[in-house]
Amino acid sequence: MEPSHSASHPLAIHDLTVAYHRKPVIWDIDLDIPEGKLVGVIGPNGAGKSTLIKACMDLIPRASGEISIYGKPYKKQRSLVGYVPQRESVDWDFPVSAQDVVAMGLYRKVGWFKPVRKKHLDKAREMLSHVGIEHLAERQISQLSGGQQQRVFLARALAQEAKFYMMDEPFAAVDAATERAIVSLLRELKNQGKTCMVVHHDLATVTKYFDWVVLLNMRIVDAGPTELVFTEENLRKTYGGKLSLLDEAAQAMRHGKSHK
Amino acid sequence: MKMFIRVLALVLLVLFVSHPTAVASQVHAELAHGSQLAGGPVRSFELPPWEDVKDVLMLRNYNTKLVVLSTMILGVASGFVGSFLLLRKRSLMGDALSHACLPGIVLLFIIMASAGGSGKSLGGLLLGASLTGIIGVGVVMLISSTSRVKDDAAMGIVLSVFFGIGIAMMTMVQKTPGQSSAGLIDFIYGKAASMVLQDFVLLSGVAVVIAALCLLLMKEFALLCFDQTFGKCIGLPVYLLDVLLMVLVAAVTVVGMQAVGLILIIAYLVTPAATARFWTDNLRVMLLLSALFGAMSGWLGASLSALLPGMPAGAVIVLMAAVLFILSMLFGTSRGILKRVISHRQLKIKVGRQHMLRAVYELIELRYKTSAKLSLPNKPIHYANLLSHRTWSAASLGNLLRRGKREDHIEKFDGMHVSLTESGFGEAARITRNHRLWEIFLITHADIAPSHVDRDADSVEHVLSPEMVRELESALEAKIDTQVIPPSPHEFFVAGKLEGEKEL
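Protein chains in written order, with this note's numbering: chain X, 34 to 293; chain U, -6 to 497.
If you are wondering where the hints come from, they were derived from the structure by calculation, not from laboratory data. Don't take every hint at face value.
As the list claims (entries may be wrong) - Here are the simulated EDC-like cross-link-like pairs (lysine to aspartate or glutamate), alpha carbons at most 20 Å apart as the crow flies:
1) U/K225 / U/E213
2) U/K212 / X/E99
3) U/K225 / X/E194
To be verified - To be clear about the criterion: a stretch of chain X counts as covered by chain U if any three or more of its residues have a C-beta under 8 Å from a C-beta of chain U, and this derived list gives those stretches:
4) 72 to 81
5) 126 to 132
6) 264 to 271
Only a predicted model underlies this, so the values are computations on that prediction, with no experimental measurement involved. Beta carbons: idealized from backbone N, C-alpha and C, even for Gly.
Required output: the full structure, derived from the provided sequences and hints.
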């Protein structure tokens, strides 16, 4: 099925190519993300998963292609998009508290030159309670565990009150309790009619967490509803050549099937 | 630690360059000329009379008042900007910038001199400084974005090349007959004593603007420093903010050059901020402290240099900043060394106390526990049993018991028997319970063998917080009654027969 790129799609990508030092990282991407789904972006290391997400938010220059968020360029739709970067992308030894970080998601509402006021901090606390760590609101961020830091980032994205969320490996290196909290948060967002696009690396949990998947390895191998697209054949195409991963993928398949 | 080495290196550099070499002797001559206020010959280190010291420190002396006030204001501005520079991890960029100012100064001097003036208009020279300083930063960004040369290498190259060009140009100017270029060298090492009222007005005007911008844009700069990717996402013009931050650094550098010199200005920018970080985990407090430390270094440094003839202000200011830095590194309440040592020691004491109380409790349990239903009586135990219960020396056990007595946990110990007080018994029961809960948790949830669990539980139980204990209780709810102390899941190694078969 050829993507239609209609304005009802949270994300429509047409012919996207991104290159780094003239070497293409992702190539000829054509993709529509349907509204109201939990979408997993799956692929081996270096497949360009993070690059795809970053290109969608104009964080890195693209060699060619067009991207639209609900039918318009990202620049005009910032308020509709929430972003959870990789946890390792920042230095957590920064002199701010958890609620200060969450309040960063409100800066567009606070406005230039103005200080963060009490109502914003209250809002930040409310978002922290959504991820279950309201009691850590005033703790300095370096004193939080990895899972708690990830929750802070999620709370910051929630504070953006977006319709479409992009999350870069939110499940990477978090404890089991945090993983559960993130999953229930994703389902809550889905129930509110919001769309989440999540870079994910654990093949074993794909069928459990996502109802739509994008299989990526420099180009789109396949994209669509999980039960149709997450097949052994497609996984071999995505992870092909990486033999150890192939085993892992096959195992994940069996695992996924036995779940049903 | 890195910062400390940096400061030390700068200090050594100052000492090195202030040796009477051909260039520096000229500086000395001028410094002596400029700092006559305390009287006395150059290079004698007689202590100035107390009255003079008081006059200078209290800003009563007109000549020094200007200098001291200027350096203090500069300290406030550089404290603000420096905090963001440090948090943006661009300290070295500030250094590259200040070094890149030199060719601009000499260039503008040549242009102004050939246009017929004396070539020493301060405004013109500072304009030149900002120009090449910003070009320098631009070149660094250009190199690191267009080639694969990393940031630090790019900065090192720009720093040395621009400074080299400046020095070469300066030597050429000095060889040109009929030109008095003597003042130029002051921009390298700084000469606070030569400041006049106009300089003061310029400096304070710029400093006020800088401080105001830093406060107004605090949250924007904070986001830039913490997570620029996210900033970009929500539409923050990160590139512009980055440039603005560099312009502010350039402004501090340029107006501060006269006082501390372009080689040392980086220490003024970075040291107060790094010093403030030892005291707080709050950005607002850090900014204020950084400004305070900057002002203090300026005040003390400029005063001291005015009182001790022959002491260049820039160097003394940096030394004062270094003193504050070292004191903060030792005594800082947030991340100072002393604080870490104390909290480590407190943990050690706590661990020792808990081991001792639990050992006593376990012995009471071994001796008097008859049924799971009955609660344990608080009875004395034999010292010899306690000593062999854990691997501890008689001396360290003695210390623990003495401390226990001071803390009202130990009723008495006389070398034969040890008995717990009421509160000691309660505390011992609580500690033992936490230990057992943790042990059972490890066995049931982490598959740790019962024979290993004692050692593993040992390392964690001391840091169990009340909420963690509650979590443990709920995790183990199905397995144990939450009110009682569960029996130990492992056998105790009992050295010989328990003494005290008869009731004590």
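For each hint, the structure was consulted:
For the proposed pair U/K225 and U/E213, the alpha carbon gap of about 11 Å is at most 20 Å, so the pair holds. For the suggested pair U/K212 and X/E99, the alpha carbons sit about 33 Å apart, so the restraint of at most 20 Å is broken. Between U/K225 and X/E194 the alpha-carbon distance is near 17 Å, which keeps this suggested pair within the 20 Å criterion. With 0 residues having a Cβ less than 8 Å from any Cβ of chain U, the segment 72 to 81 of chain X misses the three-residue criterion, and the hint is violated.
Proximity of the segment 126 to 132 of chain X to chain U, defined as three or more residues with a beta carbon under 8 Å from a beta carbon of that chain, is established by the 4 residues found. Residues of the segment 264 to 271 of chain X with a Cβ under 8 Å from some Cβ of chain U number 0, which does not satisfy the need for three, so the listed coverage is violated.
Checked against the numbered hints above, the structure violates hints 2, 4 and 6; every other hint is satisfied.
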